[in-house]
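Asker: Chain by chain, the residues:
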Amino acid sequence: MSKNTLNENNSFPWSTIIIGVLIIVASVFCMLWYGSNYNYSILKQEYMALQDKYQSLLVQYETLNSSSSLVQAYEQLESKYHNFINTVADTESYSTGFNTIRLLPGGYVIYPIVVPSGCNATVNIWVGSFYVVDVYVMTLSSLNTATSSLTAPSILHNLTDEWTGGLEKKITLGPGVYIIELANSPPSEVNIGAYVTITTSLQCK
Amino acid sequence: MGKYISIEEYAITLVVLSVLVLVFGIMWFMENMGYSALEQHYAILQSKYQSLLVQYEIATSNSTLLQLYKQSQEKYNDLVSALSSVESYGDWYYGVPIASVDIKPGGSVMYPIVVPGSCNATVEIGVSVYPFNPNVYVYVATLSSMNEASRTLKAPTMLYKWQVGSPGIDEHITLEPGVYIVTILNPVTSQSSTTVFVGITTTLHCG
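Those sequence lines, one after another, are chains A and B. Okay, so the first sequence: first residue is -4 according to this note's numbering, each after it adds one. Okay, so the second sequence: first residue is 521 according to this note's numbering, each after it adds one.
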């Protein structure tokens, strides 16, 4: 037996136990490291997935949040819609103001009222004159049929019949094109001065 | 028979095993620290995500606003289209006016065009006659000019005037806000009734 060898036959095998313990400890640490590494990898995957979800949600939220100006845009659009209705109604409202219009015998004036589909029009007609002025409301097609064939038009509203030293009348019109006509019809032989105010308001869905 | 291992071999084995223990121990420790740190980050991110999710759900509950906005936009565009449509007259077939009206000598037809403020109108006017009648005219005048003429029994001041002739007219004009009358006239000097084919297409452009 060599001097530099360990003989464990006759003594307690400390060296073997120490090596064995070290192997077990190394194995335990190795397994712990492996387990931790495995858990870390799983957690990292979950973290990445959550980060992706978070980023995606953030983008969606910011997109949605930037449309908080949508409230303003919506209000502006609603305002634009109502302004447009009012502008159309204003364009179809007519007034001579404090000046009379002078109708020669046989002379007339017309005021078109255009009512888009989906809307109704309320039209207030006021005519002031010392003489009776014929006031008719006709559809455009009826008027065109009459003027093209030189016949009398079919009258929708003959407001002359309601003349009582002047005329104040409210009518409601559905979608279509109408003509309000003021005429100094025969057999009148005098010039007629008249004040006219036609106020149109549109009610749209 | 006993097993023999040299002291050097034993020492090397011990060192190797110790190094392995140390290395695995350190790796486990580091991995554990990394895991703990990541766990903390994960918890923070999860908390932020939950918070953002709540805010997002609140925001999306307002997405009806987007629908309302779209409805309002559609409503406005529909109204502009409806007005353009009601101010369009006659009919076209492959660019040829086909709606007909018979006009006696001295007779006329008119078509009002209302252009609201903040809008412009482009109007295509197509008119042809049958049989050929050189006397038929189309003119465009403002309502005030028309009324001035009709109440005093004079001719109106015309913005545009076209003799229809043959093969007819197809004109495009632009009108500013106001009320206009497009008139087709078969003058009293004309010898015969004329069938007039009309197509007027109004398109409003509103700001």
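Hint data in this document are derived by calculation from the structure and do not stem from the laboratory. Predicted, not measured: the structure shown is a model, and the values here were computed from it. Among these hints, one or two may not hold up.
Unchecked claim - The calculated SDA-like cross-link candidates involving lysine to any residue, where the alpha carbons are at most 20 angstroms apart (straight line), are:
1. B:Lys568 <-> A:Tyr42
2. B:Lys595 <-> A:Lys39
3. A:Lys75 <-> B:Asp611
4. B:Lys568 <-> A:Asn81
5. A:Lys39 <-> B:Gln570
6. A:Lys48 <-> B:Val574
7. A:Lys39 <-> B:Lys674
8. B:Lys674 <-> A:Ser137
9. A:Lys75 <-> B:Asp598
10. B:Lys595 <-> B:Gly698
11. B:Lys624 <-> A:Ser137
12. A:Lys200 <-> B:Gly615
13. A:Lys75 <-> B:Glu551
14. B:Lys674 <-> A:Leu145
15. B:Lys590 <-> A:Tyr76
Stated by the list, open to error - Which residues of chain B face chain A? A few of them, derived with a C-beta cut under 7 angstroms, are:
16. Leu540
17. Met547
18. Gln591
19. Asn597
20. Val606
21. Gly610
22. Trp612
23. Val616
24. Leu679
25. Trp682
26. Pro687
27. Gly688
28. Ile689
Unchecked claim - Now the stretches of chain A that chain B is said to cover, found in silico as 3 or more residues with beta-carbon under 8 angstroms:
29. 40 to 47
30. 122 to 129
31. 141 to 151
32. 157 to 170
In this text, a Cβ means the ideal position worked out from N, Cα and C, and glycines have one as well.
Asker: If any of the earlier hints don't hold here, list their numbers in rising order.
Answerer: 2, 3, 4, 7, 8, 10, 12, 13, 18, 19, 21, 22, 23, 24, 25, 26, 27, 28, 30 and 32
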